[in-house]
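Start from chain A and add chains B, C and D with the ligands according to the hints.
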Amino acid sequence: MGKNVIRPYGDTLNDGKMQLSFSLPVSADALGKEAARLLLLQMGYDAAEITGMRDLREGFTHFIAYAVTSCGIDKSKIKVKVVETEVMDMEATDAYIQQHLGRKLTVVGACIESDAHTVGIDAIMNMKGYNHRYGLERYHGFNAINMGAQVPSEELLAKARAENADAILVSQVVTQKNIHIQNLTKLIELAEAEGLRHKMLFICGGPRISHELAIELGYDAGFGTGSYATDVASFIAITMAKKG
Amino acid sequence: MGKNVIRPYGDTLNDGKMQLSFSLPVSADALGKEAARLLLLQMGYDAAEITGMRDLREGFTHFIAYAVTSCGIDKSKIKVKVVETEVMDMEATDAYIQQHLGRKLTVVGACIESDAHTVGIDAIMNMKGYNHRYGLERYHGFNAINMGAQVPSEELLAKARAENADAILVSQVVTQKNIHIQNLTKLIELAEAEGLRHKMLFICGGPRISHELAIELGYDAGFGTGSYATDVASFIAITMAKKG
Amino acid sequence: MLNLDLDQQLVQRSRIAAQQITGAFSWLFDAYSSVSIERTVLRFMGIDGALKGGEPLPNVVVDHLVAKQGISKGAAIWVANAMLAKGLSAQQVADEVAAGTLVLTDLPLAKADAIFAVINPLTTKMLKHISGQKAKREESFKLFGPRRSPAIYVIVATGNIYEDVTQARAAAREGADIIAVIRSTAQSLLDYVPFGATTEGFGGTFATQENFRIMRAALDEVSEEEKRYISLTNYASGLCMPEIAAMGAIERLDLMLNDAMYGILFRDINPKRTLLDQYFARMINAYAGIEIQTGEDNYLTTSDAIDKAYTVTASQLINESFALISGIKPDKMGLGHAYEIDPELENSFTYELAHALLTKTLFPDAPVKYMPPTKFASGNIFKTHLMDAMFNFMGQLTHQGVQLLGMMTEAIHTPHLADRSLAIENAQYMFKAVKNLDESLCLAPNSFVNRRANEVLQQAVEFLETVAKDGLLNAMAKGEFAEIKRPENSGKGLDGVFMCDKDYYNPFMEAMKQELGLWARM
Amino acid sequence: MLNLDLDQQLVQRSRIAAQQITGAFSWLFDAYSSVSIERTVLRFMGIDGALKGGEPLPNVVVDHLVAKQGISKGAAIWVANAMLAKGLSAQQVADEVAAGTLVLTDLPLAKADAIFAVINPLTTKMLKHISGQKAKREESFKLFGPRRSPAIYVIVATGNIYEDVTQARAAAREGADIIAVIRSTAQSLLDYVPFGATTEGFGGTFATQENFRIMRAALDEVSEEEKRYISLTNYASGLCMPEIAAMGAIERLDLMLNDAMYGILFRDINPKRTLLDQYFARMINAYAGIEIQTGEDNYLTTSDAIDKAYTVTASQLINESFALISGIKPDKMGLGHAYEIDPELENSFTYELAHALLTKTLFPDAPVKYMPPTKFASGNIFKTHLMDAMFNFMGQLTHQGVQLLGMMTEAIHTPHLADRSLAIENAQYMFKAVKNLDESLCLAPNSFVNRRANEVLQQAVEFLETVAKDGLLNAMAKGEFAEIKRPENSGKGLDGVFMCDKDYYNPFMEAMKQELGLWARM
Ligand code: B12
Ligand code: B12
Ligand SMILES: Cc1ncc(COP(=O)(O)O)c(C=O)c1O
Ligand SMILES: Cc1ncc(COP(=O)(O)O)c(C=O)c1O
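Residue numbers (my numbering), protein chains in the order written: chain A, 3 to 246; chain B, 3 to 246; chain C, 470 to 991; chain D, 470 to 991.
Hints were generated in silico from the structure; no laboratory data involved. Remember, predicted model here, so these are calculated numbers, not experimental data. We treat Cβ as the ideally placed atom computed from N, Cα and C, and that holds for glycine. Each hint can be trusted.
Computed from the model, here is a short list of chain C residues facing chain B with C-beta under 10 Å: (1) Val625; (2) Thr627; (3) Asn629; (4) Thr635; (5) Gln636; (6) Ser847; (7) Gly848; (8) Asn849; (9) Ile850; (10) Phe851; (11) Ala880; (12) Ile881; (13) His882; (14) Thr883; (15) Pro884; (16) Asp888.
Selected chain D positions facing chain C (in silico; Cβ < 7 Å): (17) Glu815; (18) Phe818; (19) Ala858; (20) Leu891; (21) Tyr898; (22) Lys901; (23) Val903; (24) Leu906; (25) Leu910; (26) Cys911; (27) Ala913; (28) Ser916; (29) Phe917; (30) Val918.
Chain A with its partners taken away, still in its complex shape (with noise of 0.2 Å):
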């Protein structure tokens, strides 16, 4: 194994114990055992222990398990993509832009579609923030205009033209059946469609949203949980800056 290739650890170095829960549509006896045990080694664990077993009714049975993975991962071979921006607190935000850009910038935000979560957007948008980090509309380098829950794409884009924004930021938190993926790409298509993608920047965000992934959809940024208003503010001067 080489030196840079990491194992699960239990609580010796690479032994590779992980823990395990899930349900079959099995009885919850020794048959209905077996074959979960049967399960995990033929998904490949070297060793498996189901060490919980409760009844679900109406034929589904819970297995409770610690099983044994061979598999390692190549640390060093690990790529990821992250915002690389430098993050800075509002005051120093709004002097960047003033110094950099001279204007304010304008954003436009809306949780999209049938998605009416808008605690995510509102951290990031609203005034009073999300903790003890201010929302863009305090900033003096933002024009914040926040459309709020269940906004139809195409209103978005229409509001974002309008407002000539320099960015768009969506929110997606329902991801039920991929949902939010569905609604991400409906939104960057029309944009394309509408000429809209290179006039300003589209950043995503939501608790399953991550830069990789926004990256894949077409976007400039992804944000997911924990993320604040300092990030994605930074982000967007930094990157307008960049852009002149």
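Here is chains B, C and D with the ligands on its own, set in the frame of chain A:
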């Protein structure tokens, strides 16, 4: 997918959803998170979402994830060895022994080698028993000798020979580094060497013991979590009667 | 026992203010109706089904009457008139309207008593059916024993009614007392109720009459087998409040989420439309013996649970007061409260004890709908499971009525089968562990808990009194509720509200008012 | 505040009975010694190391003296005599004995004062070192602030001291206040202490002086960085009780598991051997300012937590009394209690509240060692995590001193890194959530909790009074403790107990008695 093939069930039949948690020697950041995700994909999961990331310090991080497997197993092909003798209550067993064997059966039990967990074997052997089921000492049909904790295999076998026992009951609770396998194997090999193996039934038990495993190790039966004196007593009585 | 010592003057003032706020709407309740109310009437008369495109016949007929400017007399009269004229059933009338072969307003109106002669039997028939369902529910509880308290309430939300059934049956067998079929995202914004069984939905399953029927049948079966009556609930709130309430009454749902203001504040539905619809919707629930539940939890998903604790109390008082106007008795008012305190806060449990006791003490007869931690639930399922344990501990300690079990995967996905099962295991363990704990305890003299409860009540009273002065509509317009401005004449569905002619007639509302003894106060 | 109202007469009777029981052993303490006590003396004199085969030199020398019938004078005299005669260091003397080049008893005994002249400086040197360690500990607490209460206590048990270090450091950074290195299975049955750093063990890691040193160094480092003094503990109980206590004193462990009867009842070690060894072992702990912990939890792992609750109380009282005889002050008595009630029992939490309050009230100054649920922990980690949460809730609510965190994998394996981390997260959340809850509460008049606590105390008193009549040794022989018969003259290690000559001398015990003021009561 064959109609007997089953997969984990999240909220839709065969959606393959599983919960996992594990630690890796990586930092608690985007890179570590990606390492965790890639590991799961490398293990063969179709999709993996890291939902929780906890810094364990000292360079380790704990990940909580939900992943989707496309593995499935054919229910109809699962074979599992289980104790097949029917389970009778104390009175029935005593009557059965009276009728088919007409003598008391002698069983010698112990928690062997370094293992001091007697609660399990006591649950099976002691008068008071476990969960409202009396132990073997209370049966008329049994002469039950419980040697208690940390009995060297040699002593157990010597005692069994002296009492010319009909069955030996061994408990193994500690399983770290598979010490239970080592101990159980040692006992069986000694028994073979001393020509005792086929003079009596060898039965083992413990939270990580299955009948399956017991058979593999060369025992006549194995009893796991939640077994009772009634299970063991019935098995011994019926098996002895069959042997004649 | 943990008995709060609430300032009784504050308690009185709170009730008086709430009555002033809600009492000011008879102008709306007595003189207006809405398209959704009329669609409800048609459903009660027996009109069901939908066009190929999916548009339900009740919508077709009501839209037809709107187009023909006939709606202000109420839909019942026109349909009955057509039945009379053509010798058709209500359903046949609807079919012809849909086919475009019949224009209701073209038929000359028959004499009132002739029309009543057609309507009354339909009314009696439907009300009998609903009372029958109510009786069936009451018998079942007599037969199998009353619902446990706190009742174990779990959600199913697969989007597919058939998967929902599997999961609901399993949950019921594991000990769930109430099954909630969570609605597909934002159904409250649909101005019609989808038709038939559905297998697709986002974040939940559509509330349709057929889905109600399918789930009720499945639960009746399990109730028989488990010898425990399993209750069913869904959501009425939204643009179709009275229609869904009606469907629930017909299909024997046992509880119904029916908040007086949720649609306004959290779905931007027009205030008048919402208040009007909830008035009739709740009357239907009252008549059907259905326990309503309110959505105070929603305030805390967006605002801080400590600073804004009083908004919950205020909303509970307003919901109570509106409910009384619709004839709902306190023991059927599942007022909402939620354990949404930040787990990082010191004494989060101590604070919540004060809040939970306040709700329980202020509404002693209400089967409080106690909501779990959701906002601070994170992707760390182990931590979330513990937060849910504290919530379950609190529910039993303070004797809440209905425990909406939290799921350890709250921050991740709509519940998997196993998540729900673990949630039930969690609740059963906690309920058992602290079963009679409260009997061994009492509050220390001048305890923080008692002071905190009175503080919240005080804030609620002051808030309600300003609202009473402004009037509810102005207060909402100013954004005094949930920090959102909701002007009286904006929001979805305003165009569906209309003033009634003097000869407007809603046979079902009349009859229900009669039986619920609601004439007195008009 | 949750204040129990205990029957003060019962409290007094309980203490009197305990004193009668323990006071009856001066014949043993004053006239006997054991091989382990003598090995301890040699270690204090500076003898360390082991033979190729692993046999430690202290054992070699003591066995040599036993073989030569010289042991009854105590090992100190013979070794000092040899040092004097040959001008060797204690270590060199041991090496020669080991090499077979020296027979201690062959050397004529020098004059007493000449021998003392050799011994005394060694004694002073060692006692200075130990007091130095004590001072260092106290300074650290002054510098970084006192230990939190309940203190967060977690175990490491990989079998490999180096893995243990990694895990201990991580735990300390996450908030652990006390690290316990669990011992390899049944080390208590070894009549010697293994030598050096070890990387193999079952269920735990061997207690060796080198392992102590390695872990202490690692924790000192983290203490500096985290600005929190991290305490270290291990197990003394067994056939080497005083030796391990000595090693702990030398290497600055901060707590030591040191039960007066555990070895007898749960390891079948001879009663006299155990009582004699614990007498000196605890004196060493007292001198070193080490907090002892006792093993009452063991009663409940085998017996029912409700029926046998009184055995815990009884054992606590006996442990307290023996501890006083060895000069340990109440604030250093970590008496044991455990949350082992069956979670399936109704009001399990309510019962435990009574038991936990009883311990706390009966021993107000003791940093109670509160043990988590273990017996009913199952392979269902989610359920076990909840049981641990209830335990943590209770620890904070009743202000226990040391919280031995339960692990969700208790029924599965010795803790993984993540298990321990989740246990700490669990404790930190609970401690915070109910931080001042007790201040808002009080016990209801004539509450079940109060009645139950007095009931258990009553049973304990009656039990202790019969034991006092019989005498402890007879009672144990009859199987009155832990349902196990332990005759006075059976059990492991009896042959290691011997009567002292009139000129027997244990310089360290003498000196410690002096400083601890233990002359008075002899
Ligand atoms: C509050 C809440 C609600 C509230 C929303 C109120 C409001 N005005 O927002 C109400 C009650 C209305 C609600 C309703 C529903 N909800 Co909801 N809800 C939640 C809940 C409890 C918290 C979400 C939240 O506020 N998080 C706090 C914020 C601050 O975090 P955040 O959103 O992740 O945002 C941060 C980052 O992601 C990022 N970010 C987010 N957006 C953006 C945008 C940009 C541009 C940037 C830069 C950054 C960024 O920055 C933020 C700050 O760090 C979650 C469960 C949970 N604990 O997560 C469920 C949850 C999200 N809801 C869920 C569901 C299913 C629903 C419903 C569909 C249920 C139903 N059938 O009725 C409805 C429908 C709503 C709709 N049409 O979308 C599911 C989603 C499942 C899934 N993965 O698909 C969840 C996970 C609960 C569950 N387990 O079922 N919900
Ligand atoms: C009680 C207990 C102890 C007590 C034992 C007291 C006694 N006299 O038995 C004490 C405190 C002494 C103890 C000590 C130790 N323990 Co311990 N202990 C436990 C505990 C909490 C419960 C075990 C128990 O009693 N279960 C109840 C019985 C009824 O269940 P059971 O044993 O499974 O038996 C049932 C079935 O298995 C079956 N069965 C069992 N045996 C047999 C035999 C036959 C013939 C048949 C037919 C059936 C049968 O029937 C029984 C009834 O259904 C477990 C954790 C847990 N919750 O499981 C840890 C546990 C087993 N102990 C553990 C450890 C590591 C130790 C120590 C090594 C710790 C240490 N370093 O000091 C020591 C050393 C003991 C030794 N030398 O073996 C680990 C084992 C890890 C592993 N998998 O290897 C556990 C899992 C805890 C942990 N997570 O670390 N322990
Ligand atoms: C009172 C009330 N009605 C309805 C709903 C959900 O329905 P919809 O998503 O269609 O608005 C909720 C959800 O929180 C609610 O609290
Ligand atoms: C007081 C006491 N000493 C010692 C031990 C463990 O040591 P051993 O396994 O070597 O007996 C325990 C374990 O429970 C204990 O409680």
